[in-house]
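Engineer: Each chain is listed here by its residues.
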Amino acid sequence: MTIRTTGLTRRYGETTVLDGLDLSVDAGTVHSLLGPNGAGKTTAVRILSTLLDPHGGTATVAGFDVVREPAQVRRHLGLVGQHAAVDEILGGRDNLVMFGRLSHLGTRHARRRADELLEQFGLVDAADRAVSTYSGGMRRRLDLAAGLVLDPTVLLLDEPTTGLDPGGRREVWQAVRALVAGGTAVLLTTQYLEEADQLASQVTVLNHGRVAAEGTPDALKASIGQDRLDVVLRDEADLPAAQTALLTVAGNADVDLDGRRVTATVTDRVAALTHVVRTLDDAGIVVDDVILRRPTLDEVFLHLTGSMKEAS
Amino acid sequence: MTWALRDSWTVTLRDLGHWRRQPWDLVIGLAFPILLLLMFGFLLGGAIEVPGGYIEFLFPGMLAVTMAFGLESTMTYVSQDVQRGVTDRFRSLPMSRIAVLLGRATADMLASVVGLAVLLVAGLVIGWRIHEGIGNALAGVALLLLLRFAFLWVGIYLGLLFRGQGGVVAVQILVWPFVFLSNAFVPISTMPGWLQALSAWNPVTATVAATRELFGNPTVAASGWAAENVVLLAVVWPVVLSVVFATLAVRRWARLGR
Numbered sequence: 001m002t003i004r005t006t007g008l009t010r011r012y013g014e015t016t017v018l019d020g021l022d023l024s025v026d027a028g029t030v031h032s033l034l035g036p037n038g039a040g041k042t043t044a045v046r047i048l049s050t051l052l053d054p055h056g057g058t059a060t061v062a063g064f065d066v067v068r069e070p071a072q073v074r075r076h077l078g079l080v081g082q083h084a085a086v087d088e089i090l091g092g093r094d095n096l097v098m099f100g101r102l103s104h105l106g107t108r109h110a111r112r113r114a115d116e117l118l119e120q121f122g123l124v125d126a127a128d129r130a131v132s133t134y135s136g137g138m139r140r141r142l143d144l145a146a147g148l149v150l151d152p153t154v155l156l157l158d159e160p161t162t163g164l165d166p167g168g169r170r171e172v173w174q175a176v177r178a179l180v181a182g183g184t185a186v187l188l189t190t191q192y193l194e195e196a197d198q199l200a201s202q203v204t205v206l207n208h209g210r211v212a213a214e215g216t217p218d219a220l221k222a223s224i225g226q227d228r229l230d231v232v233l234r235d236e237a238d239l240p241a242a243q244t245a246l247l248t249v250a251g252n253a254d255v256d257l258d259g260r261r262v263t264a265t266v267t268d269r270v271a272a273l274t275h276v277v278r279t280l281d282d283a284g285i286v287v288d289d290v291i292l293r294r295p296t297l298d299e300v301f302l303h304l305t306g307s308m309k310e311a312s
Numbered sequence: 001m002t003w004a005l006r007d008s009w010t011v012t013l014r015d016l017g018h019w020r021r022q023p024w025d026l027v028i029g030l031a032f033p034i035l036l037l038l039m040f041g042f043l044l045g046g047a048i049e050v051p052g053g054y055i056e057f058l059f060p061g062m063l064a065v066t067m068a069f070g071l072e073s074t075m076t077y078v079s080q081d082v083q084r085g086v087t088d089r090f091r092s093l094p095m096s097r098i099a100v101l102l103g104r105a106t107a108d109m110l111a112s113v114v115g116l117a118v119l120l121v122a123g124l125v126i127g128w129r130i131h132e133g134i135g136n137a138l139a140g141v142a143l144l145l146l147l148r149f150a151f152l153w154v155g156i157y158l159g160l161l162f163r164g165q166g167g168v169v170a171v172q173i174l175v176w177p178f179v180f181l182s183n184a185f186v187p188i189s190t191m192p193g194w195l196q197a198l199s200a201w202n203p204v205t206a207t208v209a210a211t212r213e214l215f216g217n218p219t220v221a222a223s224g225w226a227a228e229n230v231v232l233l234a235v236v237w238p239v240v241l242s243v244v245f246a247t248l249a250v251r252r253w254a255r256l257g258r
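Chains A and B, in that order, are what the protein sequence lines are. Quick note: the first sequence, position 55, residue 55 per full-length UniProt numbering, numbers continuous. Quick note: the second sequence, position 7, residue 7 per full-length UniProt numbering, numbers continuous.
Worth double-checking, as some hints may not be accurate.
[What the hints assert, rightly or not] Derived contacts from chain A toward chain B, CB cut-off under 7 Å, selection only: (1) Asp53; (2) Leu79; (3) Ile89; (4) Asp94; (5) Leu102; (6) Leu105; (7) Val290; (8) Ile291.
[As the list claims (entries may be wrong)] Stretch by stretch, here's where chain B covers chain A in the computed footprint (C-beta under 8 Å, at least three residues): (9) 64-77; (10) 80-87; (11) 95-101.
If you are wondering where the hints come from, they were derived from the structure by calculation, not from laboratory data. Please read these numbers as outputs of a predicted model, since none were measured by experiment. In this text, a Cβ means the ideal position worked out from N, Cα and C, and glycines have one as well.
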């Protein structure tokens, strides 16, 4: 186990931002902390990277306690925070050499490591240009490279793709997959269900500092709810009829008056789609759009926070 | 300890890298006090009567003011690093943590030595001279650098305290009345009584008066304990400020994770 926390707690003034987090991450896996802004994801990362003291509970990284052995933790840790934390005026190479020297690799080794990382992240051509001229994706890759100078056993990624375009996002995902294949343990925070789905083998959903759900992405999705089928009508007057049709097929139907939309959760995706389209067509209802989709993160959270309220 | 020194030097090298990559920033930083010197010396100076000539009176004042302005650049650097997450990156590395501050201090002192040298040459060009021998002149330069060192720690502390851009802007504005409330540009005796009392105890005043004495540049007689012990005050003030603000800065730094 390369990351392990039990009952990790942190307050800011009166507010408890992290309330008893239990977490364990194995080598060679990605564990995702999923949650909205303010859920406590960044606080957890900051505690694990020895930037912030916990107020309760324990945490170990690579077998070392973050409070009692912070120097050891830092020797096994790579951190990629929300901002590209690199020097903007210096070039990519100078940045990596500086971080390597500060990680006590020695100047020669630091230079060699910088060259390897520039190669690995496709930044050789831009190596000596000022970072301020880099694109968002290039900056993120440099930031990732800077987090890997020490070839860490544990990598903490705090919303690594926020603010990136789809191309930049794919670049980061590819880099993370390659690292994990090499045995690194990755803790990745994200607001995007899709990102957790793409990368993580385990997901912990945080809400108001507490664990709202955890498991594999598939298990989580199954527990959170099935796929959604949206039907958008041409004419608002058809809403009751469409609702009846969906009730017949799926056994449930939510009406959204503003969007001329009826939504139902479905289990057998394709069968439900065929059935609904046929039923609507038979009833002579004109449809603008039919969408078969996964639950959105909004729906996931509504579901989870709703069920938490009922439980308490 | 050796790692603390080596890491500090690595952090210092980062700034030297900035000079190499953006030499214009350095040139503009040096040009600003020279511009101020020319403005006060030739535009406003004609209206200010000082025995011995205004340029010779003004110049030590301009040097001390430049040292005090260093506070802004130190603070800007420190708060930018905190804002952009560079400080967090440093704190997550297995480096000596105190080296981040020591490296900053070394880089800023080096920049000030270069800046001071350029200003001294500019002063010589417009007619400023030393009259009390090279030893005294060097002692004057040492007092100026001591003042810079004190303001450096004020800058580091404020940079860690105010993380937003607003704090930097506020300090950039407030530093002006602070340096003007001294004997740098006009003799204190020309001010109203209550301002005289404030200005007499300004650390900048002590350094300016002491360097004027050591350079042999004209001084305007002032009375009171502070005025009669300027060299002592020019040492004690910066030492006290350095000790107080270095302690505050290091404590603040150590408590970033609390």
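Engineer: With reference to the structure, classify each hint as holding or not holding.
Structural biologist: Hint check results:
1. Asp53: Interface hint status for Asp53 (chain A): holds (5 Å vs cutoff 7 Å).
2. Leu79: holds, 4 Å
3. Ile89: holds, 5 Å
4. Asp94: It holds, given that the least Cβ distance between Asp94 (chain A) and chain B is near 6 Å, below 7 Å.
5. Leu102: holds, 4 Å
6. Leu105: The hint is violated - Leu105 (chain A) has no Cβ within 7 Å of chain B, the shortest such distance being about 10 Å.
7. Val290: violated, 45 Å
8. Ile291: violated, 39 Å
9. 64-77: The restraint on the segment 64-77 of chain A holds, since 4 of its residues have a Cβ under 8 Å from chain B and three suffice.
10. 80-87: holds (count 7)
11. 95-101: holds (count 3)
The structure is inconsistent with the numbered hints 6, 7 and 8, although it conforms to all the rest.
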